[in-house]
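Chains as they are written, first to last, in numbering that gives the first Met the number 0: chain Z, 0 to 303; chain S, 0 to 303.
Just so you know, these hints were derived from the structure itself, not from any lab.
Predicted, not measured: the structure shown is a model, and the values here were computed from it.
Keep in mind that the hints are not guaranteed to be accurate.
Pairs involving identical chains hold if they fit within one copy or between any two copies, as the list cannot separate such chains.
As the list claims (entries may be wrong) - Below, simulated SDA-like cross-link-like pairs (lysine to any residue); rule was C-alpha separation at most 20 Å, straight line:
hint: 1; residue 1: Lys-61; residue 2: Arg-40
hint: 2; residue 1: Lys-241; residue 2: Ala-257
hint: 3; residue 1: Lys-160; residue 2: Ala-24
hint: 4; residue 1: Lys-61; residue 2: His-127
Number of protein chains: 2
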Amino acid sequence: MIYGKVALIGLGLIASSMFWSTRRAGAAGTVAGYDLSSEARDTARRIGLCDNVCDSAVEAVKDADLVVLCVPVGAMGAVAAEIGPHLKPGATLSDVGSVKGRVIEEVGPHLPGGVHFVPGHPLAGTEHSGPEAGFSSLFDNRWCLLVPVEGTDPEALATLKSYWEALRANVEVMDAEHHDLVLAVTSHCPHLIAYTMVGVADDLRRVTDSEVIKYSAAGFRDFTRIAASDPTMWRDVFLSNKEATLEILGRFTEELFALQRAIRTGDGEHLHAYFTRTRAIRRGILEAGQDTDAPDFGRVKVER
Amino acid sequence: MIYGKVALIGLGLIASSMFWSTRRAGAAGTVAGYDLSSEARDTARRIGLCDNVCDSAVEAVKDADLVVLCVPVGAMGAVAAEIGPHLKPGATLSDVGSVKGRVIEEVGPHLPGGVHFVPGHPLAGTEHSGPEAGFSSLFDNRWCLLVPVEGTDPEALATLKSYWEALRANVEVMDAEHHDLVLAVTSHCPHLIAYTMVGVADDLRRVTDSEVIKYSAAGFRDFTRIAASDPTMWRDVFLSNKEATLEILGRFTEELFALQRAIRTGDGEHLHAYFTRTRAIRRGILEAGQDTDAPDFGRVKVER
Numbered sequence: 000m001i002y003g004k005v006a007l008i009g010l011g012l013i014a015s016s017m018f019w020s021t022r023r024a025g026a027a028g029t030v031a032g033y034d035l036s037s038e039a040r041d042t043a044r045r046i047g048l049c050d051n052v053c054d055s056a057v058e059a060v061k062d063a064d065l066v067v068l069c070v071p072v073g074a075m076g077a078v079a080a081e082i083g084p085h086l087k088p089g090a091t092l093s094d095v096g097s098v099k100g101r102v103i104e105e106v107g108p109h110l111p112g113g114v115h116f117v118p119g120h121p122l123a124g125t126e127h128s129g130p131e132a133g134f135s136s137l138f139d140n141r142w143c144l145l146v147p148v149e150g151t152d153p154e155a156l157a158t159l160k161s162y163w164e165a166l167r168a169n170v171e172v173m174d175a176e177h178h179d180l181v182l183a184v185t186s187h188c189p190h191l192i193a194y195t196m197v198g199v200a201d202d203l204r205r206v207t208d209s210e211v212i213k214y215s216a217a218g219f220r221d222f223t224r225i226a227a228s229d230p231t232m233w234r235d236v237f238l239s240n241k242e243a244t245l246e247i248l249g250r251f252t253e254e255l256f257a258l259q260r261a262i263r264t265g266d267g268e269h270l271h272a273y274f275t276r277t278r279a280i281r282r283g284i285l286e287a288g289q290d291t292d293a294p295d296f297g298r299v300k301v302e303r
Numbered sequence: 000m001i002y003g004k005v006a007l008i009g010l011g012l013i014a015s016s017m018f019w020s021t022r023r024a025g026a027a028g029t030v031a032g033y034d035l036s037s038e039a040r041d042t043a044r045r046i047g048l049c050d051n052v053c054d055s056a057v058e059a060v061k062d063a064d065l066v067v068l069c070v071p072v073g074a075m076g077a078v079a080a081e082i083g084p085h086l087k088p089g090a091t092l093s094d095v096g097s098v099k100g101r102v103i104e105e106v107g108p109h110l111p112g113g114v115h116f117v118p119g120h121p122l123a124g125t126e127h128s129g130p131e132a133g134f135s136s137l138f139d140n141r142w143c144l145l146v147p148v149e150g151t152d153p154e155a156l157a158t159l160k161s162y163w164e165a166l167r168a169n170v171e172v173m174d175a176e177h178h179d180l181v182l183a184v185t186s187h188c189p190h191l192i193a194y195t196m197v198g199v200a201d202d203l204r205r206v207t208d209s210e211v212i213k214y215s216a217a218g219f220r221d222f223t224r225i226a227a228s229d230p231t232m233w234r235d236v237f238l239s240n241k242e243a244t245l246e247i248l249g250r251f252t253e254e255l256f257a258l259q260r261a262i263r264t265g266d267g268e269h270l271h272a273y274f275t276r277t278r279a280i281r282r283g284i285l286e287a288g289q290d291t292d293a294p295d296f297g298r299v300k301v302e303r
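Chain Z on its own, in the form it takes in the complex:
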């Protein structure tokens, strides 16, 4: 047992996976949960998600040793303002938001002295959302980035690290600005681009939606999977990580224009060299163990 009581605020894919994974690890004495939506709370009670589903965030965080904000990035400031005065002295407050700069700005000021603020971000997910989407192995061998703020207590950081490791994640520590740039490249921009391509396909009048859908196995399908993620979460991500996202999109557009020009001018050598280079990057990902080359992507049947 790493924490006596854990409180999860917001009961979506990540929080529900944290609960099942925490239970699997025996990493907490008890886990309380809260969601703004009464429907989500009802669902959580029905499926046994959390030891105790509370009717307010304030009730959920009472006496908690670890409180994790699992709400969209844009909602974190308001939640922090609400629960801040009710946090136990010596408790750790963390979160799972995809952007760290804005969360630190908006959550930090609401925390009383004596509460340890250790922002976090587990890099794991599926295209599903809601309390029923979670499963215990979501974080297995995935990365969880911890982004301590100035003055973070080293012991609080070490304990949170051991908690995520008990959930079978690999933990890395970095600063907020670097986190937000790395995520713009590896996650935020790929998602925006996937959303865009799916939108283009839908707009095209000469090709019917049903054709796009029928023939999606030819590449488009991988885009739709990531473009199916939660709209509110992603809206907040882009609005919150504006600077890094726009920087990477600028570079992306520049590169895309260069490839477009190579197509227009028939420069096969340029295209071949480019595609050969990207193939090597894929090999690196396989070697790093973040994917497998099995046709099932290494994702196996879920278990709660």
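Since the structure of chain Z is provided, determine the placement of chain S on it from the hints.
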């Protein structure tokens, strides 16, 4: 048995899968194969790919009732010129190229009268290539598009259709121009975009390659999978389907700029509405049976 003898020219992922699938179905009396690379021919002989691996394309097509060109689009004209005079009268010549307009232009003129030309394109693949990449279930419940040219014999078309159905594909017939536009949307542009994003990530100096690779599970990984496909094949696709690809890329850039502007101006409503729409398209794909919502994507262990 649908054809007495089938000849597969080019022994990559598609041809090798056709062989295993043809054998599973008992759809051909015998299958001959040929690849320009002696290494690929040796591999094919070693793993039992094809009943007979020949040392020339001319030898492979001798007496064949169906000849299928499984080489990159840019190489098809030359292969057709070589084998044209040796095709059996009444034989059907088909191909599996991702672009149909250019293949028809370049292959058609080399075929003698009495040979039925029925271009085709199975929409199936993995990120792997070469003779060892194939497996019998690659085409199961996937689409195969047949693109008859003017004057195609209806009986030859019907026989080729029944052959692909024996390989468990669903067959649809459309004209070449429409095919090339549909594929630009569902396959060619998504691939180019994935290649571009992978290239951008590699270029960015402030984020190391090893970080990109470590944290790829956050979305980027799906891009690398499709960006790992065969460079020669994809070079030829873009050079051969120039017009439709550039049209779709133009629309894509337009949409991307609109989303970039929404991020810059903080227009959350625009982003949320866009992301909600793309999520609905994903549901359509699930309902059409071209993917599953299981975490393993419905892709199961391969079998030869």
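Status of each hint after checking the structure:
Taking the closest pair of Cα atoms, Lys-61 and Arg-40 come within 20 Å of each other only inside a single copy of the chain (18 Å); across copies the shortest separation is 70 Å, beyond that limit. Taking the shortest Cα distances, Lys-241 and Ala-257 sit within 20 Å of each other only across copies (14 Å), while inside one copy they are farther apart (24 Å). When the C-alpha separation of Lys-160 and Ala-24 is checked against a cutoff of 20 Å, the pair qualifies only within one copy, where the shortest distance is 14 Å, while the shortest distance between copies is 54 Å. For the identical chains of this complex, Lys-61 and His-127 are neighbours neither inside a copy (30 Å) nor across copies (53 Å), given an alpha-carbon limit of 20 Å.
Of the numbered hints stated above, the single one contradicted by the structure is hint 4.
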